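Enquirer: One-letter residues, chain by chain:
Number of protein chains: 2
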Amino acid sequence: MAANGSLDAHGSLLDNGFASTDDLVSDWYIYETMEPAVPQDDMFPNVIPDCDPTISPRLYHTCMAPISLAVLIGLSLLVKRKRLHPSCWNGVPGLLSPANFLEEEGNRGLVAAVFGILFSSLCVLVLDSDPLPLISDSSQHNREYWKILALLYYPAFYYPLVACATVRHRASYFVGCLLSWCHCVVHIWQKVDCPQSPKIYRYYSVLSYVPIILCLVVLSLWYPALLIRSFTGQEESLEKEVTGRGYYKKYLKALLSKRSRKGGSTKVEESRLSRVQAYLGSYVYAPQEGFRIPLKLVLSTTTAVIAVYQVALLLLVAVVPTIQIVRVEMTKDVVVLLVQFGLVPSENPGGVPGNMEMELSTVKYYLWSLEVCYICSLVLCCLLTFAMLMRTLVMHRNNLKALYQGAVLDVFYKAHILRPSRQAVVCWMSFAGFQTAFVCLGLLIQQVIFFICSVAFTFLFVIPLQSGTNTYLFKILQNMWPFWLTLVVTVIVQNLAAHYQFLEQHPLWKELTNRRALYIVSYLFFPINILVGVLAGLWRMVISALYNAIHFCRLDISLLNRSVETFDPGYHAYCHYLKIEVSQSHPVMKAFCLLLLQLSRPEGQPGLRPSNVEEGIQLMQTKKVPSSRAKFRQSRARWWLAYTLLNNPSLMACRKTALSDPTANGTRLSPPKP
Amino acid sequence: MAANGSLDAHGSLLDNGFASTDDLVSDWYIYETMEPAVPQDDMFPNVIPDCDPTISPRLYHTCMAPISLAVLIGLSLLVKRKRLHPSCWNGVPGLLSPANFLEEEGNRGLVAAVFGILFSSLCVLVLDSDPLPLISDSSQHNREYWKILALLYYPAFYYPLVACATVRHRASYFVGCLLSWCHCVVHIWQKVDCPQSPKIYRYYSVLSYVPIILCLVVLSLWYPALLIRSFTGQEESLEKEVTGRGYYKKYLKALLSKRSRKGGSTKVEESRLSRVQAYLGSYVYAPQEGFRIPLKLVLSTTTAVIAVYQVALLLLVAVVPTIQIVRVEMTKDVVVLLVQFGLVPSENPGGVPGNMEMELSTVKYYLWSLEVCYICSLVLCCLLTFAMLMRTLVMHRNNLKALYQGAVLDVFYKAHILRPSRQAVVCWMSFAGFQTAFVCLGLLIQQVIFFICSVAFTFLFVIPLQSGTNTYLFKILQNMWPFWLTLVVTVIVQNLAAHYQFLEQHPLWKELTNRRALYIVSYLFFPINILVGVLAGLWRMVISALYNAIHFCRLDISLLNRSVETFDPGYHAYCHYLKIEVSQSHPVMKAFCLLLLQLSRPEGQPGLRPSNVEEGIQLMQTKKVPSSRAKFRQSRARWWLAYTLLNNPSLMACRKTALSDPTANGTRLSPPKP
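Protein chains in written order, with this note's numbering: chain A, 3 to 676; chain B, 3 to 676.
Simulated from the structure, these hints should not be mistaken for laboratory data. A hint or two may mislead.
For chains that are exact copies, the list does not tell them apart, and a pair is met inside one copy or across any two.
Dumping the calculated BS3-like pairs for lysine-lysine here, alpha-carbon to alpha-carbon at most 25 Å [said to hold, decoys possible]:
hint : residue 1 : residue 2
1    : K149      : K477
2    : K149      : K193
3    : K512      : K251
4    : K403      : K512
5    : K366      : K334
6    : K416      : K403
7    : K416      : K512
8    : K251      : K334
9    : K252      : K416
Since the model is a prediction, treat every value here as computed from it, not as a measurement.
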């Protein structure tokens, strides 16, 4: 029984809270048991068939876990044989890297999909009664332990799916294909077998698995594409072996050709409309040529979007079906009670149960209004959260670009040293998790606030306007209009007096005048200004609460005052994340490092001679300037280098440290002689 | 009947909300009417005698209002005859200035006392049923209009009390004495006649009048002191005629002798303890030599302190007596109901009314706990608000000093031009009102939050520990310990790994190493990091809510993020207030202006010859450097001027504007030739 099920769940909740209310609760439900003619329409058939999928979760995990392990070991040996150096991680031959989060890789979508699967699994896990399908023991007490174990099991379980791509071998792509197809088929099969489940809402289970299935579909298309490309585009795959070279080249080109764009930015006086357009445009993330968001941000955005979906789904299916059931099953007896409590307006306040048709429809209308408010506020929350995520991406890009150019004070309020530290590494590791969790919490907070606001608006404003009852708000407003008028008149009078009486208007400056009158007005209006201040205070409360609720999911701004902004855990994590990201994956630095790597390889490509690699200029050769003489080229190369460093002062530190360590390879990056 | 009165008030509130619950409410009160033996101890005698004071408020206002008006007209004529120029306010002979808010005056306490009286009158007025004692008509509908009229009446009514001091004439001091004594005696007499009133709480009326009476006492001591001084200290009073000269002298001396103090501020490495001490010390406002808080801030602080008193008093007397009455009058029948609702633990859950002694005492104990929580949170709120007010004063001083020296970016996040504007004048006028209103609202918000927190703490933590019942929280914590342990272990492991594995420790810098392991850890801990993120998000929510609630009463910080901080109405008002204050009452500028004024007077004191007044140096002559030759003096004077301007760059603008306007007197302030 869906209806009874959910109501019984409430009953048991109540039982926990109020120990001795069993008889009251059972009394309450007499209405239902006594009336067998409760309308059971097609929307709420109350039997969900028991269903065992052909491939049970236990079978699936029992088979796939060993296969995954075998794949992992096999790939490790393959890599070990191929190019893994024993010096990594103190000689342990070890695990494959899941993804090179600080490098620029081609397979960003693939990694993002795996993180999406992981996060969705966590969502399913939190509400699941059978967290670890490998183990059949699921008693109440042990379940906690299995859940904790599952938190580590799932990343390991899906590990091969992401590791196959980092190996960059034809065999690994093939294994990745097989694995992703396997996972995908099993999940789809399970859900086709058993689309309904009794948990929360009959289709909740299917809907909550949609992101997993979508991500698996992405994977099972991505791996074949990689495999096919490894066969056809032989040349290109070799080129790609040094990851992300294309991107760093593009970044440098965009950086060095920036002057031409700069000319257009010196606009005078923009109109108000264009400023509004620019403001709205700053909330839309449009990719810019020559700049890519780092992988960690792609991951956090992906999981954040999935988080919005999962939380919104849970909020929707946990409440809306219940309201619908209550609305359909509303009886006259309950209406009598509501009328007696004064919650529903009635023409016969005594509450005769036989004559309550109109009141019943009113109650049903109220419940429908509640439902509409709930869904509207949920939609609003989701839209706002998406807007905030877009804005976050824009801000991330701006901040990263500013920090790449060394403009630390454009981003942080106080000067920071962009250098790894213990805290920075920990924050970098947990950044994606924080972003995801904050989106979940932010959505919940917004939903609570907006639902309360919309219900208040509906029941105090819309419904009274429609029906003419419950016009408390209008009565209060009507009674208080002289008060509001006084405040408005006071504010206007003060503004007018300030403009025309107390300010002497010179063409170039304004000066205070008529001071005595100013003092008198200031004294006489003191009591009224206190009341204006009360309104301003209420506005301060509302605006700060709303601002903080809406911007809760954004890590790039602090919710605290600027003097204590790093006490905000989200902003603190973001600042440290930026430190690692900027100091470790500066595109220009990466470009230089890549050149060094290519130099140290014996099969260096022709055209990359050490002499002109030294200044790392090969990357910056644009088509416009063909070079002829070596002398001219060298001087220009040095100028490019100086210009690059001038535009990226944060690189200076890296060069200096490289220089002070004689064992490093960085000696090649010696500064040009003046 | 105090008890019935307050309960009936609640009843009527309920009536407004629920129209048809009259019978329910009357049922509820059957307990009281049926039990005549309700314990009526000495704390709650239930008859407040009707009381008409000998001097009724109506008589008082009918007599004093004409007297005040007559005093005002008389003083105006006196001043007109004496020295009022017809050019002020376009020739209207007009009103006296209540206080020169932008000048430095001696009678700051007097002005503050009058503002305190005004604010307290407003507090009394808001809750009063008879707002304008001059008018006997107090029907429900007209009362609103009388209240609005009273908002303007009270400032006018107390106007002579403050205006008498600004006239600076012996007769005005004498009139001020008489008036303040009159007001004071009448108020004290009224309250001695009728100490009790039925409104809210029997002593509420007396207690809410305490600030008014105290302020009147201050006035009725201040005016005699002024009168006596005008007779005895003839010389000094003449000296004081140019107001605040002493202060500006002191400010300049402190400014110019700052170098000696600066030497001690270059301390190396402070210990953690001394930093904590310095932090706590920054919350204590200790007056500094050579600097005085402007008058407006003194006023706003005074009214804010009175606001704390009034709001705390109202919160106290509106709730605590009611709880006490409910506790004393608690009957076994109510206890039975509470036991049946499961709110009170019981050994006989059936709820036999005869055998409820223990449960009755438990309920009384719970009510007593509620009372204790309420009072504790109220005390905490008041202390926090006082701390915030102190801190505000410290910040005001720092900000003003920084702006005097032209360090705009130390105070504001973006560059501002410190110049009067319409908005700035309006904000300056309403600043004291805003500060007062924000303190009231902030106290209310804090009380709600702290009361809920303390009740939750008491009933979920303290009482379960004492009695061993209702141990929900402990059960939840007990069930969830593996979860907490996992999170803690994860965070510790990540920190240790970051410190020992992922960071290469060089003596001078740290570098990221073992990247593959870092990526693996980062991937595997992703689900657990989401849960850590949820906790961080909750902490973010709590800390931002608490921070904003505690700092609500402070105008000098914005509750919004730094990029949108001026959308906060409080901070916006504060920024504009600072603009007016700094541009119009810069002490150094005032010192120069005073010199110019003295110069233009025919009876210039000896020793203020135009030649050396020109650079405004007379003020800065310290005792150490006796001057001998005119040449040397002039060159040194110019150096002083240059130094002063160097330390106060914001003055430069004033000098320039003065120069560009040939009609102004400022031509004397020509820059020294190099």
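Enquirer: Which hint numbers doesn't this structure obey?
Expert: 3, 8, 9
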